[in-house]
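K.L.:
Taking the hints into account, I'd like the entire structure generated from these sequences.
So the chains spell out like this:
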Amino acid sequence: MKINFSKIIIFSFVVFLISVFWMGLKNNNNYNTKNLTGSEISSFKLPSIYNGDIISDETLKQNQFTLINFFASWCAPCRLEHKYLIKLANHNKDIKILGINFKDKKKNVINFLNELDDPYDYVVEDQDGKTSILFGIYGIPETILINKELIIIKKIVGPIDKKQFEEILNFIQ
Amino acid sequence: MILKKILIIYFLLIFPLQSNEVNQELIEIYKNLRCLICQGQSVADSNSDFATTLKLVVQDQVEEGKTKKEIYDFLISKYGEWIVYQPPLNKNNFLLWFLPYFILALGGLIIFIIIRKSNNNKAN
Chain S
36 MKINFSKIII FSFVVFLISV FWMGLKNNNN YNTKNLTGSE ISSFKLPSIY
86 NGDIISDETL KQNQFTLINF FASWCAPCRL EHKYLIKLAN HNKDIKILGI
136 NFKDKKKNVI NFLNELDDPY DYVVEDQDGK TSILFGIYGI PETILINKEL
186 IIIKKIVGPI DKKQFEEILN FIQ
Chain B
682 MILKKILIIY FLLIFPLQSN EVNQELIEIY KNLRCLICQG QSVADSNSDF
732 ATTLKLVVQD QVEEGKTKKE IYDFLISKYG EWIVYQPPLN KNNFLLWFLP
782 YFILALGGLI IFIIIRKSNN NKAN
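Chains S and B, in that order, give the protein sequences.
Take the first sequence: its letter number 51 is residue 86 in the numbering used here, and every next letter is one higher.
Take the second sequence: its letter number 27 is residue 708 in the numbering used here, and every next letter is one higher.
Misleading hints may appear alongside valid ones.
Quick list of simulated restraints, FRET-style, between CB atoms [unchecked claim]:
| hint | chain 1 | residue 1 | chain 2 | residue 2 | range |
| --- | --- | --- | --- | --- | --- |
| 1 | B | Lys772 | S | Glu201 | 34 to 44 Å |
| 2 | B | Ile687 | S | Lys142 | 52 to 62 Å |
| 3 | B | Leu785 | S | Val50 | 17 to 27 Å |
| 4 | S | Asn125 | B | Phe775 | 21 to 31 Å |
| 5 | S | Ile45 | B | Asp754 | 34 to 44 Å |
| 6 | B | Ala786 | S | Val192 | 39 to 49 Å |
| 7 | B | Leu785 | S | Ile89 | 20 to 30 Å |
| 8 | B | Ile796 | S | Leu169 | 25 to 35 Å |
Since the hints were derived computationally from the structure, they do not count as laboratory data.
As the structure is a computational prediction, the values presented were derived from the model and not from experiment.
Every residue, glycine too, gets a C-beta built ideally from N, C-alpha and C.
P.N.:
Listed below in structure tokens is the structure:
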């Protein structure tokens with residue numbers, strides 16, 4: 036029996052292409068930066084919005100857990116998640132909340148916090164947004180839960196919802 | 682006096698050239714960075730908040746004397762390989778790099794077989 040090599044090659048190539056496309060379709064291609072979970076946060080230094088005191092990664096080493104929340108007064112989804120931040124602040128004393136205010140006006144932030152209540156143990160300003168890049172942030176709001184060793188336990192892209200709020204509680208209890 | 686004039690002209694010519702080189706390098710880096718929140722735009726093409734911030738960070742790192750590789754490595758460590766349009770070669774993306782050459786070789790082989798076959802048929 037004569038073997039037709041070109042037909043075998045074309046057939047193998049088609050099978051290969053279908054397999055590649057099939058694998059591509061099965062993969063979840065939604066982009067996120069959750070792969071940062073398990074890594075240590077970068078060093079940072081930012082001034083407090085109230086008195087200019089410097090808050091750094093060293094400050095956070097004193098806390099059992101810290102929730103780092105990137106927010107802005109101009110960000111509508113930040114208002115949605117605010118109630119969960121308030122609940123967290125009232126619920127558990129083992130967790131401290133650091134609010135990193137992203138590209139905002141001081142006056143607007145203070146109005147925002149006066150209006151919705153202030154859940155943060157520290158509020159710092161990232162005027163030019165450069166520090167957000169150190170945390171792998173690409174949108175506001177984003178939230179990062181870290182432990183005493185400054186290791187990222189959970190990263191939330193977008194506003195915190197009920198499910199994520201409960202997950203955070205499970206982590207810290 | 683003439684020497685002074687020559688020196689002034691020399692500095693006037695040299696400094697804009699150096700500044701252009703730096704700008705060129707920055708633009709090259711921006712073009713290879715994906716704007717993660719835009720639809721198919723590079724950081725160079727976008728004026729979004731994310732792209733503007735990333736440009737500032739890259740500019741700082743270039744001024745600090747960091748190489749392109751160091752800048753890309755830093756951004757990959759924060760955002761994954763998706764941030765760069767030209768990802769570095771590794772076991773996860775080797776197909777992306779070698780598949781075009783493989784297809785080229787395969788195409789050549791098929792053409793060779795077809796030509797040889799048709800020559801054989803003519804000879805017979």
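K.L.:
Using the Cβ atoms, figure out if Leu785 of chain B sits within 20 to 30 Å of Ile89 of chain S.
P.N.:
This hint is violated: roughly 57 Å between Cβ atoms.
K.L.:
Could you tell me whether the CB distance from Ile45 of chain S to Asp754 of chain B stays inside 34 to 44 Å?
P.N.:
holds (41 Å)
K.L.:
For the range 34 to 44 Å, tell me whether the beta carbons of Lys772 of chain B and Glu201 of chain S fit it or not.
P.N.:
holds (37 Å)
K.L.:
Measuring from beta carbon to beta carbon, are Ile796 of chain B and Leu169 of chain S in 25 to 35 Å?
P.N.:
Taking Cβ atoms as reference, Ile796 of chain B and Leu169 of chain S lie about 59 Å apart, which means the hint is violated.
K.L.:
Given the range 39 to 49 Å, decide if the beta-carbon distance of Ala786 of chain B to Val192 of chain S lies inside it.
P.N.:
holds (42 Å)
K.L.:
Can you let me know if the beta-carbon spacing of Ile687 of chain B and Lys142 of chain S is within 52 to 62 Å?
P.N.:
holds (54 Å)
K.L.:
Tell me if the beta carbons of Asn125 of chain S and Phe775 of chain B are separated by a distance inside 21 to 31 Å.
P.N.:
With Cβ atoms ~52 Å apart, the hint is violated.
K.L.:
Between Leu785 of chain B and Val50 of chain S, does the C-beta distance stay in 17 to 27 Å?
P.N.:
holds (19 Å)
The structure fails to meet hints 4, 7, 8 from the earlier list, while all remaining hints are met.
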